[in-house]
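Visitor: Residue strings, one per chain:
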Amino acid sequence: MSELWRLGLGQAYQGLLAKDFTAEELVLDCLDRIKATEPAINACLTVLDEQAIQQAKELDRLGPDPQRPLWGVPLTVKDVFSLKGAPTTAGSKILENYLCSYEATVVQRLRQAGAVICAKTNCDEFAMGSSTEFSAYGPTSNPWNTQRVPGGSSGGAAASVAACQTPGGFGTDTGGSIRQPAALCGCVGLKPTYGRVSRYGIIAYGSSLDQAGPFARSVKDCARLLASVAGPDGLDSTASTIPVDDYLNPAELDVKQLTLGLPKELWSASFSPEVETVLQEAKTLLTKAGVNLKEVSLPSLKYSVASYYILASAEASTNLARYDGVRYGYRAPDRSGLAELYLSSRSHGFGPEVQRRILLGTFVLSSGYYDAYFRKAAQVRRLIQQQYDAALESCQFLLAPVSSIPAWPFGSFTNDPLTIYQLDMMTLPLNLAGAPGLSLPCGLGADGLPVGIQIMGRAFDESALLKAGSLIEQVFPPIGTPEVKAKE
Amino acid sequence: MVEMEPVIGLEIHAQLKTKTKLFCSCLVDFGAQPNTHICEICSGQPGALPRMNAKALELAAKAGVALGCKVNNRSVFSRKNYFYPDLPNGFQTSQLDPPICQGGELSIAGPDGPKTIHLNRIHLEDDAGKCIHDEKRGRTLIDLNRAGVPLIEIVTEPELNSSTEAVEFLKKLHGLLVRLEVTMGRMEEGEFRCDVNISLKPKGSDKLGVRSEIKNLNSFRYVGQAIDFEIKRQTALYESGQGVLQQTLHFDTARGETKTLRSKEEAHDYRYFPQPDLPVVTVDEQLIRELQAGLPETPEQSLEKLAALGIRDEVAKLLIDRRGALEYFEQALLNFNEPKRLSTLMTELLLPACQKDAIAPTESLLTPKLFAQLAKLIEEGTLGRRAAYELFPELFQSGLDPKELAQKKGVLQISDSSALEALAAQIIAQHPKEADKYRQGQDKILGFLVGQLMRSSRGAADPKRAGEALEAALKAQS
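Residue numbers (the working numbering), protein chains in the order written: chain A, 8 to 495; chain B, 6 to 483.
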């Protein structure tokens, strides 16, 4: 068979079980696709070709196993997931030569499910950013237009899946880092409920907000990926013990009985004309299909950006204290004293955005400022949680845009962090609420760039969310596969 | 010059007696080669997350219950942020508000009778690793075996007023926590160490002076020395009109002096905030009840109980202070319910023998049951007191049955009255002159006759009953 890389995850899995092709054939095809597209998009920081081929051979030796929901399926993980014996950099120079000594729970579960991890994908340094431009290893390009960013921070994961390097991948979402790049690259991305997926072994950014989730080219494929990793974990005390639903066989839901709430605070933002057009068309299509759309309000959303940047930066400032040049990672040559070692290693090892957030986080936690910033932000977070739950009393799900602008040209906001922080307005309220959300493409703009839309549901009800997502996915026109062209 | 009075508060760190660390399953083992008990969690690898050691939580709650604290059903871990090479995460995981235990007290002997020292709080936290400075080669090595070891920090109110009180408090607290098996308390290993906060104020005033904090003292002697030195130093500063600066001090044990570690300006801003990787710490009422029920008696309670049994204070204190003595006593009591006789016999025979062999009574071959039998034999008059004392070393070493051994040695007392009567008649017949003297009213001569009877019985007769038998025989013949 040719062009196996074009297969969606579910199709590939069925083909493997039916022995239409072997795991090794599929993995080799995907590795070839990676080789062919990497010069154009730079989505991968490490390609684990030898490991992957060996693993595929081993799987083939054992034979297809229908008990393993990802048997033989090639995948990628964002470079914040610990993978034993592989470099794990989080896109930072400070971890340039760092080799992991243990494996993240997600990685372990993917292996148990039979997946073959082929590459570790690029991201903004320590998952801080919305474009992958803050990766210390160069930005990833958008497969639809390589002059443009893929979004971020899981931009490598989104670009890789959109460019069909592998049929699925895992990223993390702290303030939109799965949903926004999925939207800008035209693939599906799911941020599960906080605590649904173990954080063990995932390099932390904002611990109370970070959540791992899948990328794929269909909602169903995302469901299969989530099913393989969700659930309690003795190694992560914040992982929930609420039972996991059967995401592959959800309860029946009729599109005509769907009521979606549209938060007016998000829909009233100013959109670029291309995005505006596609979003309006999407609403029309949904209404035509019989979906009931209604306006809802979450008045505190206007404080969400400020609140998020205080909370996430505060946690980040201490999560990143361990990168000190003492035990591992980058150590600056200046060792004239302990303070010098710290200052120099951290000043040279961390990039500008990470330093900005460490400073911000350190400031808001400082004695005398804690009450004015951190405590207030925590209060806003609770308000948003309450308003989110209240909004879901009058509808089943919320529907919102993911980004007010399409993928932008490199360098557009490099010196304007505040503008780019504001762009997160669409995605980060969901992280503050701790609830699950699914971003899926709803069309291509006149500029040929994908536009995404997200639906958000109740905590720990990913099953209903995924079902509703696959219903509305069928309402929107398929956007096709980008023809990846190298940068000119 | 106004008379100044020291005000002292203590912060005690006690290492909890757990097999594994507070947030991972690495062993707590100090003798080990450096960095052999570490994992991704306690060495601060990227992505690793802590998970709570339930045993540590239980021990912290137990300390709180024993010290009369309010054990909070819900408490929170916070990150205490600072940089140091022995701190792998760049923060210590500690508790700020609320801690696991609040309030509580422990009383000590004060200058004017018992004095209650109130506790502010007890909280859980993890220990740091260890820096080893290699001066010769100008480098620092780091051992993370200790990183993540569970500690409780016990904070007192500033209610101690002298080094004597502070040391007495610490000794008592140490004894209690060791007895409860909350900590091993090996001070030379740093398992029980303390920071001393100390200031001076004019006697009678409520207003506290500027305090200094002496860090990390790991012996009772150093605590006493450091406090005395610091009182002198602060007094001299006040007397010369300079006043005390708020600072953190280190006690130089070799010179017996405190030295500045850092000034107030250099104090850390720890940027405490709730640790997002750990859920709220919960202790349910059921556990608190179980801990309360399982608490051993306090020395005060034991003393009270022994006093109620009619046991003298000195004897009671001996039973309480000697390891295993009280337990032995209580077991013996089950077999022979004569607390006064038992305890006296213990202090006269058993405790000295145990001390000589450096063992606890409970480790002796002579079981409490056998010891009770011995006391019983004496009480019944079956075994003479002197014979018992002579027999004891062998009993203690062998753990043999006292009655059997006494029988074998032929020292069992003649309590059979016909045997005694026969002996008495025999003695009177052998000493007619003395018998006559007694009959003529020389009562004292009876003692001589008793002595003769004892000798002829080889000490097996009860002297009191021998006297009675002789008296009866003499009177009958007169």
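Hints were generated in silico from the structure; no laboratory data involved.
Hints are not guaranteed to be accurate.
Stretch by stretch, here's where chain B covers chain A in the computed footprint (C-beta under 8 Å, at least three residues) [to be verified]:
(1) 106 to 113
(2) 203 to 209
Using 20 Å as the maximum straight-line C-alpha spacing, the simulated SDA-like pairs for lysine to any residue come out as follows [unchecked claim]:
(3) B/85 / A/376
(4) B/141 / A/309
(5) A/309 / A/389
Predicted model only: the values in this text are computed from it and were never measured.
Ideal Cβ positions, reconstructed from N, Cα and C, are used throughout, including at glycine.
Visitor: Now tell me if each hint is right for this structure.
Guide: Structure-based check of all given hints:
1. By the rule of at least three residues with a Cβ nearer than 8 Å to a Cβ of chain B, the coverage given for the segment 106 to 113 of chain A holds, with 4 such residues.
2. A stretch counts as covered by a chain when three or more of its residues have a beta carbon under 8 Å from one of that chain; for the segment 203 to 209 of chain A and chain B the count is 4, and the coverage holds.
3. A hinted pair counts as satisfied when its Cα atoms are at most 20 Å apart, and residue 85 of chain B with residue 376 of chain A qualifies at roughly 16 Å.
4. Restraint check for residue 141 of chain B and residue 309 of chain A: the C-alpha separation of about 60 Å exceeds 20 Å, so the hint is violated.
5. Of the pairs offered as hints, the one joining residue 309 of chain A and residue 389 of chain A holds, with about 14 Å between alpha carbons and a cut-off of 20 Å not exceeded.
Comparing the model with each numbered hint stated earlier shows that hint 4 is the single one that does not hold.
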